[in-house]
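Combine the two chains into a complex, taking the hints into account.
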Amino acid sequence: MQLTVNKKNATIIDSQVVRDILNIYAEEELFERPVFKDAFDNDSIEFKDLSSESEKILIPWQLFFLDGANLKKDLDHIHKTRIDKVSPKLIAKRRGIGSITSKRIIDRLIRLQNFICAIPNITTNTFCGSLIGKSETDAVAHTISYFAIDLNKFRTYKSKASALEYIIRQIESKNINISQGVLANKMLPAWQVVKNAIYKNTSGFVIKDDKIPFVFLPSEINPEETDGRQIYTLIYLITLIGLNEYNFFIERDFTAKAITAKGKQAKIYRITSDLLLPKTDTEKFRGQDITPEIRDDLSFRYKITPTAVLVTLRIRRIITSKEKYEALLPPEYVPPKNKIKTHAPSIETSVRKFCGKYSFDLVNGAIQNGSIKNVQAQYLLFGAVNKKGYKKYRANLKI
Amino acid sequence: MKIIDINTLNYIFNHDLKIKEVHYLAPDIKEESEVTEQVFGRKLSENIKNISSEPIFNEGIYLKNYREMLNKYRGRSFYNMTGFGDISILALLKTLKECYQNQPRKLFKNMEEELVVITEDEALKKKIEKEFNQSNIDVLWKVKILDNSSVT
Chain A
-12 MQLTVNKKNA TIIDSQVVRD ILNIYAEEEL FERPVFKDAF DNDSIEFKDL
38 SSESEKILIP WQLFFLDGAN LKKDLDHIHK TRIDKVSPKL IAKRRGIGSI
88 TSKRIIDRLI RLQNFICAIP NITTNTFCGS LIGKSETDAV AHTISYFAID
138 LNKFRTYKSK ASALEYIIRQ IESKNINISQ GVLANKMLPA WQVVKNAIYK
188 NTSGFVIKDD KIPFVFLPSE INPEETDGRQ IYTLIYLITL IGLNEYNFFI
238 ERDFTAKAIT AKGKQAKIYR ITSDLLLPKT DTEKFRGQDI TPEIRDDLSF
288 RYKITPTAVL VTLRIRRIIT SKEKYEALLP PEYVPPKNKI KTHAPSIETS
338 VRKFCGKYSF DLVNGAIQNG SIKNVQAQYL LFGAVNKKGY KKYRANLKI
Chain B
30 MKIIDINTLN YIFNHDLKIK EVHYLAPDIK EESEVTEQVF GRKLSENIKN
80 ISSEPIFNEG IYLKNYREML NKYRGRSFYN MTGFGDISIL ALLKTLKECY
130 QNQPRKLFKN MEEELVVITE DEALKKKIEK EFNQSNIDVL WKVKILDNSS
180 VT
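So the sequences go chain by chain: A and B. So for the first sequence, my numbering puts the first residue at -12; every next one is plus one. So for the second sequence, my numbering puts the first residue at 30; every next one is plus one.
Looking at chain B on its own, in the form it has when it is part of the complex (with noise of 0.2 Å):
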C-alpha cells in the first residue's frame, strides 16, 4: 500500500504524472489536496484514493492515534497550521497496522504486506523511523520510505 505526502502530491502535479498505481492520502492530506487541485486547476488522478473512504479505516482508531502522534512529535504548529499532515500520516500508519492486527483478513485481500510512504520530507522520515523502523518484532506491516521517483 503507497501512502503519500502532500511534496509528493505537488510533485505529481507539478510533473503531470500520470498515475498507474493505486496511491493513498491520509485524511490531512486529503483535504490539504483540494487546494492543490485548485491551484493547479486540474483534479487528482483517479487513482490517488482517499484512505478514509476504504473499508480498512478505522476513524475511532485513527483518531486515538492521532491524538496519540499530535501529543508526542514536535514541528506542528497551531499559528501557522502546518505539520499536521505528517501527525496525520503518523497516525494512518499506526492506524493500518492495527487494523491489520485486529481486522478480519478478507479486508487486507490483495493488499502488499508492506506500507510504503513515499516523501522526501527529512522530518516526516525521522518521525517514521523512529515510531515504526525500531526493532519491533510484532510488526506485521513493515513501513518503507521512498523518495518521489518511485512514484509509477
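Next up, chain A with everything else stripped away, as it sits in the complex (with noise of 0.2 Å):
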C-alpha cells in the first residue's frame, strides 16, 4: 500500500501488516473505518489521515511503518508483556445481552487486576462465595448486611444515578473494584471510532478474583444503560461474586468463551430483585389493578428501571395475564441526543472512573512510592503510553 504525502508516493507500507494491526482489537471492526476501507480500495493512504486516524483508535502510526516480520516480534512482545502473569480468569456477566465484549477493556482490567492481586498483604475477600447454600432471603440480608447498604437511604436518593454513586460506594469500601466505561480523555476510543454495537453490547461482567473481584458498568459506553439499569446489573453482578457463578472463561487472548451454564439464573434475578424491591412491599399489590402510575412509582422509589419493576410483578405473579404486561410495557428509552456538557471531566476523574477505587489508590501510591515505573503506570491508567495526559495527571493529583 503506497504511503503518500501530499498526494505523492512517499514510501510503501505491508498492507498485511495494516490488516493485522487493526485485527488486534477483532471485534472493534477498525477495518470498517472509512480511512482504512479508502485505503484498501485504493491501495494508499495520506500520512496525514494515517496519523490522524491513529490518535482516534489509540494504536501508535509508527506500528503501521513496520515489516511483517518486526511487527510480529514487537506483537508477540506486547503480547508476553502483558499475559505474563496472568491465570486463567473467569468472568459473568447479565444474561441477555450480546455476545461480544470488548476485549480492549477486558485487556485494561485483567492487568490492573493482576498489578494488585501482585501486592503483598491484600486479604481475601470472604464475600466471595459467601452466598453458597444461603436460601434467597439469606443471600440478600447478608448482602445488605456485608456491604453495610443502608436500603432506607438508598430509597430517598432523588435521583436514580445519586442512588448508583452510593450503591458503589458501600460496594466498592470491602475490596470490590468497580470500574465504569470512559470515552472522556481517551479512556478508550470514542464511540465514533468503534462501532456503536461494541460498546453496547459490552454490558456489565464481573471477573473472578479472590481478593479483589472487578465489576464493570458500561456507565457512559453505552448510553441505553440507565442508572436504573446500572443499579440492577451492579446487584446482580455482586450476586453472582457471591454465588461464585462464572459463566465465561478469558482465553490467553482475551477473548471470552462460554462454559456449561450452571442454570443457577433464576435464582441470581430473584435475588437481585429480593434485594432491591423485596416480595414483602409489592405483596400489597397482590389482586390491584397495575396502572402505568403504580410501576413509575416503584420504578422511582425503588430505583430500578419501569421494565425491571413489570418483570418482577409478573415473575411473582402480581401481574397475571401476559397481554397487561406488554400494555404496561414503557415506551422504548430513547438516549438523550446532544447532551450538553459544560465541561470535560478532569483527567483524574476519568481515570478514577474507568479503573475503579482500588487501581487508581494503589496504582498512584506505586508511582508515588517508585515500585513502578512510568510506562507500566500509563499502561495502567490509559491502556498505552499518553505522555501528556500522565504529565497531566500527576500534576493535577500532585503526585
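Among the clues, some could well be false.
[Unchecked claim] Distance condition first, Cα-Cα at most 27 Å in a straight line; then the derived DSSO-like pairs of lysine-lysine: (1) B/LYS59 - A/LYS378; (2) A/LYS60 - B/LYS159; (3) A/LYS60 - B/LYS155; (4) B/LYS59 - A/LYS43; (5) B/LYS47 - A/LYS375; (6) B/LYS59 - A/LYS(-5); (7) B/LYS72 - A/LYS378; (8) B/LYS123 - A/LYS378; (9) B/LYS101 - A/LYS35; (10) B/LYS59 - A/LYS(-6); (11) A/LYS35 - B/LYS78; (12) A/LYS(-5) - B/LYS78; (13) B/LYS123 - A/LYS60; (14) A/LYS198 - A/LYS182; (15) B/LYS47 - A/LYS59; (16) A/LYS375 - B/LYS72; (17) A/LYS374 - B/LYS72; (18) A/LYS(-5) - B/LYS123; (19) B/LYS72 - A/LYS379; (20) A/LYS375 - B/LYS59; (21) B/LYS101 - A/LYS(-5); (22) A/LYS173 - B/LYS59; (23) B/LYS78 - A/LYS374; (24) A/LYS360 - B/LYS59; (25) B/LYS59 - A/LYS35; (26) A/LYS385 - B/LYS59; (27) A/LYS379 - B/LYS78; (28) A/LYS59 - B/LYS159; (29) B/LYS72 - A/LYS173; (30) B/LYS154 - A/LYS360; (31) A/LYS60 - B/LYS101; (32) B/LYS78 - A/LYS375; (33) A/LYS374 - B/LYS154; (34) A/LYS378 - B/LYS78; (35) A/LYS60 - B/LYS154; (36) A/LYS385 - B/LYS72; (37) B/LYS155 - A/LYS59; (38) B/LYS154 - A/LYS379.
Derived from the structure by calculation, the hints contain no laboratory data.
Shown next as C-alpha cells:
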C-alpha cells in the first residue's frame, strides 16, 4: 500500500501489516473505518490521515510502518508482557445481552487486577462464595449487611444517579473494584470510532478474583444503560460474586469463551430483585390493578427501571396476564442526543472512574513510592503510553 | 546544522541555558519537547527550531527513511513507546543528506556543510556511526557527534 504525502508517493507500507494491526481488537471492526476502507480500496493512504486516525483508535502510527517480521516480533513482545502473569480468568455477565465483550476493556481490567493482586498483604475477600448454600432470603440479608447498605437512605435519593453512586461507594468499601466505561480523556476510543454495537453489547460483567473481584459497568459507553439498569446490573454482578457463578472463561488472547451454564440464572435474578424490590413491599399490590403510575412510582422509589418493576411483578404473579404486562411496558428508552456537557471531566476523574477505586489508589501509591515505572503506570491507567495525559494526571494529583 | 536529542534538550532546560545558535529538533523530538515544556513550565528558546518547518525538510523522504530506520534498528519499544526519538534523528540525518544531494542549492544557502548531532546517548551514537560514518565517499554532509557541553 502506498503511503503518500500531499498525494505524492513517499513509501510503501505492508497491507498485511495494516490488516494484522487492525485485527488486534478484532471485535472493534476497525477495518470498517472509512479511512482504512478507502486505503484498501485505493491501495494508498495519506500520512496525515493515518496519523490522525491512529490518534483516534489509540494505536501508534509507527506500528503501521513495520514490516511483517518486525510486527510479529513486536506484537509477540507486547502480548507476552501483557499476559506474563495472567492466570486463567473467569468472568460472568448478565444474560440476554450481546455476545461480544470488548477485548480492549477486558485486557485493561485484567492488567489492573494482576497488578493489584501482586501487591502483598491483600487479604482474601470473604464475600466471594459466601452466598453459596444460603436461602434467597438469607442471601439478600447477608449482602445488605456485608456491604452495610442502608436501603432507606438508598431509596430516598432523588435521582437514580445518586443512588447508583451510593451503592457503588458501599460495595467499593469492601474490596470490590468497580470500573465504569469512560470515553473522555482517551480512556477508550470514542464511540464514533468503535462501532456502537461493541460498546452496547458490553454490558456489565465481573472478573473473578479471590482478593479483589472486578466489576465493570458500561456507564457512558452505552447510553442505553440507564442508571436504574446499572443499579440492577451491579447487584446482579455482586450476587454472582457471592455465589461464585462464572459463565465465561477468558482465553489467553483475552477473548471470552462460554462455559457450561449451571442453570442458576433464575435464582440470581430472584436474589437481585428481592434485594432491590422486596417481596414484602409488592405483596400489597396483589389483586390490585397495576397502572402506569404504580409502575413509575415503584421504579422511582426502588431505583430500578420501569421494565424491571414489571418483570418482577410478573414473576411474582402480581401481574397475572401477559396482555396486561405487555400493555404496561414503557416506551422504548431513547437516549438523549446531543447531551450538553458544560465541561470535560478532569483526567484524574476519568481515570478514577474507569480504573475503579482500588486500581486508582494502588497505582497512584506505586507511582509515589517509585515501585512502578512511568511507562507501566501509563499502561495501567490509560491502556497505552499517553505522555501528555500522564504529566497532566500527575500534576493535577500532585504525585 | 546542529541537531539535538531529547536528553540534550532536557540538559538545556535543566541548566536553563541561553541558546545563541540555532539548534534543530527532529519531528518525534519536537513532540516530546512539548511534554518537556509542560514539565518545566517554560517555553523552548526561539533558537530551538522544528526542522519540519524548514524548506529543506521533505516529509515524504523523511517518512521513507523513518520506515527504513524503524525496521533496521533495535532499541525502540512499542510497549514502552520509547526509542522513537533515535529513529526520528536517524531518519532526519538521512533525509537531510538526500535533500542536499537532490534539492536546489539555494535552499541550503548559509548552512554549514556539516550535520552535528549533540547527544550523550551511547546507543544513539553507535547507530549514527554505523549508519553514516562508514567510508561513504558520497557523503556530502558529514555527520559529527558532540556532547552536551558543546551546546552554545
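Hints versus structure:
no.	hint	in the structure
1	B/LYS59 - A/LYS378	holds, 16 Å
2	A/LYS60 - B/LYS159	holds, 23 Å
3	A/LYS60 - B/LYS155	holds, 23 Å
4	B/LYS59 - A/LYS43	holds, 21 Å
5	B/LYS47 - A/LYS375	holds, 26 Å
6	B/LYS59 - A/LYS(-5)	holds, 24 Å
7	B/LYS72 - A/LYS378	holds, 16 Å
8	B/LYS123 - A/LYS378	violated, 32 Å
9	B/LYS101 - A/LYS35	holds, 24 Å
10	B/LYS59 - A/LYS(-6)	holds, 25 Å
11	A/LYS35 - B/LYS78	holds, 21 Å
12	A/LYS(-5) - B/LYS78	holds, 26 Å
13	B/LYS123 - A/LYS60	holds, 26 Å
14	A/LYS198 - A/LYS182	violated, 34 Å
15	B/LYS47 - A/LYS59	violated, 45 Å
16	A/LYS375 - B/LYS72	holds, 16 Å
17	A/LYS374 - B/LYS72	holds, 18 Å
18	A/LYS(-5) - B/LYS123	holds, 19 Å
19	B/LYS72 - A/LYS379	holds, 17 Å
20	A/LYS375 - B/LYS59	holds, 13 Å
21	B/LYS101 - A/LYS(-5)	holds, 24 Å
22	A/LYS173 - B/LYS59	holds, 22 Å
23	B/LYS78 - A/LYS374	holds, 21 Å
24	A/LYS360 - B/LYS59	holds, 23 Å
25	B/LYS59 - A/LYS35	holds, 17 Å
26	A/LYS385 - B/LYS59	holds, 26 Å
27	A/LYS379 - B/LYS78	holds, 25 Å
28	A/LYS59 - B/LYS159	holds, 25 Å
29	B/LYS72 - A/LYS173	holds, 26 Å
30	B/LYS154 - A/LYS360	holds, 25 Å
31	A/LYS60 - B/LYS101	holds, 13 Å
32	B/LYS78 - A/LYS375	holds, 20 Å
33	A/LYS374 - B/LYS154	holds, 25 Å
34	A/LYS378 - B/LYS78	holds, 23 Å
35	A/LYS60 - B/LYS154	holds, 25 Å
36	A/LYS385 - B/LYS72	holds, 21 Å
37	B/LYS155 - A/LYS59	holds, 26 Å
38	B/LYS154 - A/LYS379	violated, 32 Å
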